[in-house]
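Got chain A sorted already, so can you dock chain P onto it with the hints?
Chains as they are written, first to last, in the working numbering: chain A, 1 to 211; chain P, 1001 to 1393.
These aren't lab readings, by the way, just hints derived from the structure by calculation.
Please note that a few of the clues may not be correct.
Once the Cα atoms are required to be at most 27 Å apart in a straight line, the calculated BS3-like pairs of lysine-lysine come out as [what the hints assert, rightly or not]:
#1 P:1081 x P:1113
#2 P:1024 x A:205
#3 A:142 x P:1335
#4 A:157 x P:1081
#5 P:1393 x A:197
#6 P:1173 x P:1081
Cβ-Cβ distance ranges computed for the label pairs, FRET-style [claimed, not checked]:
#7 P:1346 x A:199: 17 to 27 Å
#8 A:122 x P:1293: 57 to 67 Å
#9 P:1320 x A:210: 43 to 53 Å
#10 P:1368 x A:154: 46 to 56 Å
#11 A:33 x P:1124: 17 to 27 Å
#12 A:6 x P:1320: 17 to 27 Å
#13 A:182 x P:1262: 55 to 65 Å
These numbers were taken from a predicted model, which means no experiment stands behind them.
For glycine and all other residues, C-beta sits at the position ideal for the given N, C-alpha and C.
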Amino acid sequence: MQYSEKVLQHFMHPQNVGVMENPDATATEGSPACGDQVTIYLKVDEEKLIIEDVSFLSYGCASNIATASIVTEMAKGKSLEEAKKITWRDAMDALDGLPPVKAHCSVLAADTLQSAISNYEIAHGLKEVPNFSKETIIEELKKIIYPQVGEDIITLKMVKYVGFDEKTGEVLIDLNLMSFDQYRDNVAEEIREHLEKYPEVKDIKINFPSS
Amino acid sequence: MNERIYMDNCVTSAMAPEVLEAMKPYFSEEYWYPSSFVSTGEASSAAFEGFRKVIAAALNAKPKEITFTSGGTIANNIALKGLALANSGEGRHIICSTVDYPDLLTHAGYFEKMGFEVSYLEPDELGFVSADKLKAAIRQDTILFMSTMVNHVVGTIQPIQEYAKVLAAANHKIWFHVDAGQAFGKLHLDVAALGVDTLAISAHKIHGPQGIGALYVKKGSRLGPYIHGVRRFEGVQPGGLSLAAMAGFAKAVEMVYQDLDGHIKQLRELSDYLLEQLESQIDYVELNGPRGEGRVCHNINVSLDFIEGEAITVMLDMHKITVATGSACASRGLKPSYVLMAMGKNHVQSHGSMKFTLSRYNTKEQIDFTVAKLKEIAVVLRERSPLYKAIKK
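Bound-form chain A, shown alone (with noise of 0.2 Å):
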């Protein structure tokens, strides 16, 4: 067993899990295909802009649940700027570390909160929805773990170069992942799944050094 006790009990016993009537917003990340599913709905004091009650849903396996309840647990009472801090490496520290194959789940987590706190922002005036651009690209790559190490793509300095052609929508990557790297091809689906998101990504190219 490579789960520490506060995953298990956060994955047997969690908290804040199931659906919220009327919710001030929510947001929706990760799909079947990847194999895991986050939704997370806020109920937000438009006042003092505190989250008064959050929950969750989740498809997925035992960490990806247990990132879920302790990113909702930690987040419960917050102001949105205060949330807005919270990270993944704060949700795995909480949850007294997780295996490193298993860090993408406290990722899903996270940025699902995120988002949702950006869709509350963004649907009552606090913000503006984000222009697209390179800036964007690299954001959604530092939420991308190599999974032998439990660290991000941009922190390990695997992605070498990062374009964005704004007239033909196309991605470039350069990533330092050889042939034989046996996490290569998941590391570009993921990629391709966080950027195909945006409408303004037409083509995503993901280039590899030649072994």
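Quick look at chain P alone, frame taken from chain A:
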């Protein structure tokens, strides 16, 4: 229930107490290796010949056609590399299927790197790979066909005899290797009737010791040596293979083969009961692979819709129940079961697949307990699942 319920016997199985007893003398009393004209050596040669006879009889082979190896994977290595390399002068085309055991598929990848060309046959939705597809794939330069007799995920039994007929009808020799790891002890295996050239089996899947297997090599097969080194016994891979393990292997085979039909019937009854309980007790359960005779007697693989298999196995583990899943989240490579995907299952079906492989040590009571727990788990996880909530709306 206090004891662990183990239903992952296709990976490895509990060693029978009788097997351990049969092994003991060869660790400390009769540990010798053969050497000429010395009594210790002769005793070990006689013991070895006895063990080899047991394995040969089970397969209806001649004792000299059996080579002990340090496991099923090494047996596959010796056969596949041995056949491909020794016959590459005749051609460089090899055939297998997309649902073969990893031992075979990793060889396919290796052969491709070595300059061979590999054709991958596709299965149907039940996991069967038809002999017609093999026939269509044969070329003038085809030298080898490798096949997994019983699929390791869904238990589909491949038509080995029909393959052999197709291969025999070709106008040149095509070598035929079969991995029978999941078939041995679960089916009648008669190598002569099957028409194979080489066939690999292992001991630890039939309650024998880990670390010992055997390779059948039909007399007259052209097989190059793949492992080099000192040969202690003729009929054993080079190196110091354990005589105790051979003793254990032989004992495990004897125990199964003293009543093979009864053994198969017992496993079939348990599997039928398990499937019946799963289908009648739990909603949204779908069997993967064939029903009935086309399926090996100890394998049940079902998909539970809307939920993910790793979460299910972790929860079952809390109740001391061991089963397997085809979910990507439970795999090291984070990929869903390639067998289920090749059979046309979607991601949710693959991620939600549960594989139960039974042994003679499982009981109906264990099955009742497991299904009851699985039923509770399915309710709990579905309550958390956005996919289930969407369908319920």
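Mind checking the alpha carbons of residue 1393 (chain P) and residue 197 (chain A) for me, to see if they're no more than 27 Å apart? Holds, at about 25 Å.
Under the criterion that the straight-line Cα-Cα distance not exceed 27 Å, is the pair residue 1081 (chain P), residue 1113 (chain P) satisfied? holds, 13 Å
Using the C-beta atoms of residue 6 (chain A) and residue 1320 (chain P), is the stated range 17 to 27 Å upheld? holds, 21 Å
Are the Cα positions of residue 1024 (chain P) and residue 205 (chain A) separated by 27 Å at most? Distance ~61 Å between residue 1024 (chain P) and residue 205 (chain A) Cα, so the pair is violated.
Is 55 to 65 Å respected by the C-beta to C-beta distance linking residue 182 (chain A) and residue 1262 (chain P)? Violated, at about 44 Å.
Given a hint of 17 to 27 Å, does the C-beta separation of residue 33 (chain A) and residue 1124 (chain P) actually sit inside it? holds, 23 Å
Does the hinted range 57 to 67 Å hold for residue 122 (chain A) and residue 1293 (chain P) at CB? holds, 59 Å
Sort out whether residue 1081 (chain P) lies within 27 Å of residue 157 (chain A), counting only the CA atoms. Roughly 39 Å separates the two Cα atoms, so the pair is violated.
Just tell me: holds or violated, for the beta carbon distance of residue 1368 (chain P) and residue 154 (chain A) against 46 to 56 Å? Holds, at about 51 Å.
Hinted pair residue 142 (chain A) and residue 1335 (chain P), Cα distance within 27 Å: Holds, because 21 Å separates the two Cα atoms, which is no more than 27 Å.
Taking the Cβ atom of residue 1320 (chain P) and the Cβ atom of residue 210 (chain A), is their distance within the range 43 to 53 Å? Because 50 Å falls inside the window, the suggested range holds.
Given the hint that residue 1173 (chain P) pairs with residue 1081 (chain P), test it: the Cα-Cα distance must not exceed 27 Å. Between residue 1173 (chain P) and residue 1081 (chain P) the Cα gap is close to 17 Å, so the pair holds against 27 Å.
When the structure is compared with the earlier hints, violations turn up for hints 2, 4 and 13 and for no others.
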